[in-house]
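Asks: Two chains, each in its own frame: build the complex with the hints.
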Amino acid sequence: MLLRQKADLNFANEHGNTPLHYACFWGYNEIAEDLVHHGALVSIANKDGDTPLDKAKGNLAKALHDIAVEAGQDLKKITFKDQSWIGLKTRSRDATLSRHKGINIKDLQLREKVASTPSGDTYRGIWQKNEIIAKILAVRNCTSRISRDFNEEFPKLRIFSHPNILPVIGCCNSPPNLVVINQYMHWGSLYTVLHEGSGVVVDTALALRFALDVARGMSFLHSLERTIPEYHLNSRHVMIDEDLTARVNMADAKFSFQEKGRIYYPAWMSPEALQKKISDRNWESSDMWSFAILLWELATREVPFADQSAMEVGMKIALEGLRVTMKPGISAHLQKLIRICMNEDPGKRPTFDMVIPILEKMKR
Amino acid sequence: MASPRSVSPRPPGPISKTDKEESFWDKIGTLGRKKRIKEVQEVQAEGKYAIDSPGSPVAPVIPPEEYELEENEERSMIQRQAFEDSKFQELLHVLIEWINDELASQRIIVQDLSEDLYDGQVLQKLLEKLAGAKLDVPEVTQSEEGQRQKLAVVLAHFNQVLGRSESSKWSVESIHSKNLIAILHLLVALARHFRAPVRLPENVLVPVVVVQKSGGQLNHRIIQEKITYSYDDVGMRCERDAFDTLFDHAPDKLQVVKKSLVTFVNKQLNKINLEVTELETQFHDGVYLTLLMGLLEGFFVPLYCFHLTPKDFDQKVHNVAFAFELMEEVGIAKPKARPEDIVNQDLKSTLRVLYNLFSRYKNVM
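Chains as they are written, first to last, in UniProt numbering: chain A, 1 to 364; chain B, 1 to 365.
Any given hint might turn out to be false.
Said to hold, decoys possible - Computed list of lysine-lysine pairs in DSS-like fashion (alpha-carbon distance at most 25 Å, straight line): (1) A:316 <-> B:271; (2) A:336 <-> A:156; (3) B:226 <-> B:169; (4) A:277 <-> B:311; (5) A:254 <-> A:156; (6) B:362 <-> B:334; (7) B:336 <-> B:129; (8) B:253 <-> B:336; (9) B:178 <-> B:226; (10) A:276 <-> B:271; (11) B:334 <-> A:260; (12) B:267 <-> B:334; (13) B:271 <-> A:260; (14) A:327 <-> A:276; (15) B:311 <-> A:316; (16) A:348 <-> A:361; (17) A:260 <-> B:311; (18) A:316 <-> B:267; (19) A:156 <-> A:260; (20) A:276 <-> B:311; (21) B:259 <-> B:336; (22) A:316 <-> A:276; (23) A:276 <-> A:260; (24) A:336 <-> A:361; (25) B:125 <-> B:178; (26) B:334 <-> B:129; (27) B:129 <-> B:178; (28) A:348 <-> A:277; (29) B:169 <-> B:129; (30) B:336 <-> A:260.
As the list claims (entries may be wrong) - Residues from chain B that keep clear of chain A, each with C-beta distances beyond 12 Å, as calculated: (31) 82; (32) 138; (33) 172; (34) 255; (35) 358.
It should be emphasised that the hints constitute simulated quantities derived from the structure, not laboratory data. Cβ coordinates follow ideal geometry from the N, Cα and C atoms, glycine included.
Okay, chain B solo, but in the shape it has when bound (with noise of 0.2 Å):
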């Protein structure tokens, strides 16, 4: 089968098992045992908040040389409201997921961006994993001064992997800070740059206060920040093909393209009442995919294979995968696309891989 990508684990819901939602059941146990149990449970939920939470309190206190700023000096923070917006929470939570997704075999589980990477410890295991090269850092510092060390080592490490002006953007102060401007468009550059499998909210405009100390007054101003742009593809990076240059040139052919191939794939579908009218869409959960593998092949898919009716992410992904598992099996050539590219909904990686089916079935009937 194909494997799912290791997913890290999520934090159990809140226990929400009050007194009055107690089972009918709980009650006619003796008085006794029915405390026992309670017991057992307290202990349970605490040693699994124990391990889960952050390992340090929540709430450190602030030392006077975090706020007291110098002459001229400028300080950013983001606006409160922005926490509240919901294309900005979505940017957070993909990207805490992305993370704890890579890291899941080292058993890191990030929480919170600011808190949990201005030390430079995720940061490294991240390169680790996403550039395959081990750094040579110490493991684990605990002075200040260590860890900024690190976090430059880190950090040059990244600009160097990244190659591009932006590094402006961020730096060891800033990382260091908790700046968590700074951390985003750290990370969404590299999301973006090993094409992580992730769909980034486009266009998050973040509202960020700037305060400077001039002749001993704070002056703020307010400026958008923007975090992420619009991207054409989310796909996997490789070698170019007729797609990058279709794309890039000949947009008006491009709809000729789709044209085709949503005739091919209809002449098949329509032998079990299916239609699709847009490929962008209709082939993301894998269904349609499945199905016209089938079709093209001559076989049956027995149900307990795939989510006839897939309802998250990733059971399309599943989904995708096993297509594409099916695909390699009849002897196709694996496609230059990864499942997590199709469900993102990308173009490109769907056009590549229904055009692959075509160009080898357009004479079957």
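Just chain A, same shape as in the assembly (with noise of 0.2 Å):
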């Protein structure tokens, strides 16, 4: 029961199991009203359909029930996900990373380029039967160091353990290629879904709810007091699962040889971010003004500052004070959030701990 060192109480094995399915099977009483205190849901149905509700006996399903409705859990049937490929391979870190470090090049079947950009090509294909998207990252000349790096610094973006964040499941080191690869997102990124209509209607509850998915996304990494490789919060770096769900996407991190002095998205980075090393800062805070920025485009549906080059961009914001102005679509509440969020003071700037509940009151 240690486990609760920032452990997603409500992670499903393979079978669809929370540890709260097997706190109410085994009958370990407090262990599970501890755990629904503490937030874990009683409504996740596993892989047969039954929630913890069901598994637990006599009392102990009762008083779990009053406690949940007591902390104002939703308390309808959260529908099996099955991640069983993922999950997986979540059960031992160590084995794991050991286990699909290295994928095989020719494992790969890719087929059809989704995007070229300044970091590298993306395709579609297969693996182990699985769909996924494979970016082949754009080294201009793959040196036996940056392969080292690359090495050291991918098992760092596998990161599993929380529904917000979309891990990098595996990469392949066979140099001169070098390939980030990790799940398919039918509807794509965020910034697809609200600039370039992809069928999906953002409503405003949408849209607080794709901030409070990102929002949990992002305090649980700066749980993780992980610096390299960095990672630039803003739209075209987070992923719209197909229930919707909007997951930060790792393989969108930078590693160390990647785009060095090249900042390809300023407009949603902070001042100091733009001035100061990562060292030199403080990147939670960062985050933070960008996490403001994505705010403003959840609200106006608009991409910041789009007539604008980046050294433009940049620039301005770095050295002239250019910002983004509120317009009068968007909510009071939500004007003075995202007024908190991006305070000229780094030091000023909410934690994303502070912002969660204030997102979850907004949502009802």
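Replies: Laid out in structure tokens, this is it:
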């Protein structure tokens, strides 16, 4: 039970069972109550469609039910989502790292090219019967040093333990090709959903849900205290899952050797992030600024400073005080939140842990 | 990152800390400790001096044969005032810096051109570094005869490399007798031949006193010795291209090319409220070059990656090297110029780099 060090309480294994399922099944009443008190959901169904309450015997079910209602949990059954092919690999961290560290590039069946960005070309494909997205990194001269750094850095992107983080499944390290592989996301990035008309209607409720998802993902990311590879939060780097869950995409984090000295999307970055090295500033609060821009983007459905080039935007944000302007359509609450999150003083910006309850309240 | 050129360590400035300048905190400590700290500092300073200073004592006793002349023999020396001339001083400084930078990896530090180069030891190392050849001479020679032989071998090699008639300006005798004029001629010829990444002050004239003994009498006359000339290119030597032709045969067309390049860069730089009027000087510090890359390729360069207001040569070289790096990253061929050439305001190199960008991005709005 010491596992509560930031572990995801609602994480399901390949059978769809959460810790609460087991606690109920084995009749550990105190543990089960403790779990629910700390936010474990009583309504998650496992593979067979049973919720923890179904597994609980006698009075326990009733007790848990009451606690859950008290905590304001939605009791509608959450159906099991088959992620077993990812889930399998998450059971033991060390075993997984060695197991899928190197994916053989020959095992990938790449089909169509989806995108070509400065960081590399992205393909859709199949790996072990799963739909994947593979990004072949653009590296000019793949030295053995880069290959070594890649090997060292990519395992840090394999974060399977949070529903709002989209992990890197594995990588192929076969110079000159460095390939980053993650799960295929049907709706594409948040940027696509918002600005390129993919058929999803983003109403205020959904926008808030996206915001909350991203905040949760970022909050988890910050609890890990990792800076390399560097993740820049913006709508292009957030993916939307089939069930419209927003997930922070670790495949978009930048490796130490990638895009050195080049920032392609400065509009989302804080003035200090454009001027100082990540080691010389508070990167968590820089992420909070990026989140504020993301909130603005969700509220206005506009791309920030779309009419100017990256260099112009970057120079003006860093040196001339260019900022997003509030539009009349944004609700007063959200305006206030955006302003708080992009405080000019990095030290006065809130943390994601503080923002989450506010967003939850706004959602209701 | 771009590798900045290796730089030789510079001798520390004079230690000027006197008792009066001691800070308040020095006085607060107990007397005993203070004394010990001072002792340590003194020993450190002495050690440092011992390492940095040349090995031989500064003022050797000059034997009579050094200044006694044979009948009809000529001896020339630089007039004392010449050393106060700023251009001449600069030339000496630039050459010493260059040699020290080249030989930094060998842990050789030259402080005085005539005192440190006459025995051929440093010249040998310099030749091996520049020409990439290994000379078959003894490493260290103590005897004068040995030094002369070694110097002869080294100079013969130099003349072969340089392959020019200029070699009459120096000889084994003149260099071994620490004749600064001969040494300077040799070094300037070397710097020019190997296109050292330095900018020599141009048209340096040195007044030289030539003393001749005729009929038992010493006669002297003063001649102006020209050490450097004006150079139109200090850039890297490479295959002849359109720009060489342009410079040599169509200076009028050069203006047209320059003008269209100015228009091209301004179209981009105007977006961030910058304006260029002169290509030679405004690109030499690498700032505009870096910004231009971002504008053309659609990215922002974080300000910690380069010096927005570079203060010295090294920072400028860093900027230009960084801009080159960016060019290579986005798939432009490695520029046919060295970062130092741009910083030294070599017009031809600057034009080559800008033209490279122009031909790739002329259609970018």
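Asks: Measure nothing beyond the straight line between the CA atoms of residue 316 of chain A and residue 267 of chain B; if it is 25 Å or shorter, mark the hint as holding.
Replies: 18 Å, holds
Asks: Between residue 253 of chain B and residue 336 of chain B, does the CA-CA distance stay at or below 25 Å?
Replies: 21 Å, holds
Asks: Verify the proposed pairing of residue 169 of chain B with residue 129 of chain B, using a straight-line Cα cut of 25 Å.
Replies: 23 Å, holds
Asks: Given the hinted pair residue 336 of chain A and residue 156 of chain A, is their alpha-carbon gap at most 25 Å?
Replies: Violated, at about 35 Å.
Asks: Find the nearest Cβ of chain A to the Cβ of residue 172 of chain B and say whether that gap is larger than 12 Å.
Replies: Correct as stated: the minimum Cβ-Cβ distance to chain A is 47 Å, above 12 Å.
Asks: Given the hinted pair residue 267 of chain B and residue 334 of chain B, is their alpha-carbon gap at most 25 Å?
Replies: 24 Å, holds
Asks: Are residue 316 of chain A and residue 276 of chain A close enough, with their CA atoms no more than 25 Å apart?
Replies: 15 Å, holds
Asks: Straight-line Cα separation of residue 156 of chain A and residue 260 of chain A no greater than 25 Å?
Replies: The given pair, whose Cα atoms are some 19 Å apart, holds under the 25 Å limit.
Asks: Below or equal to 25 Å on CA atoms is what counts here, so check residue 334 of chain B against residue 129 of chain B.
Replies: Holds. Residue 334 of chain B to residue 129 of chain B sits at ~24 Å (cutoff 25 Å).
Asks: Measure nothing beyond the straight line between the CA atoms of residue 334 of chain B and residue 260 of chain A; if it is 25 Å or shorter, mark the hint as holding.
Replies: 17 Å, holds
Asks: Starting from residue 362 of chain B, check that the Cα of residue 334 of chain B is at most 25 Å away, please.
Replies: Judged against 25 Å, a Cα distance of about 19 Å means the pair holds.
Asks: Do the alpha carbons of residue 276 of chain A and residue 271 of chain B lie within 25 Å of each other, as the hint requires?
Replies: With a Cα-Cα distance of about 23 Å, the restraint between residue 276 of chain A and residue 271 of chain B holds, given a limit of 25 Å.
In summary, the structure is inconsistent with hints 2 and 14 from the numbered list given earlier, while agreeing with the others.
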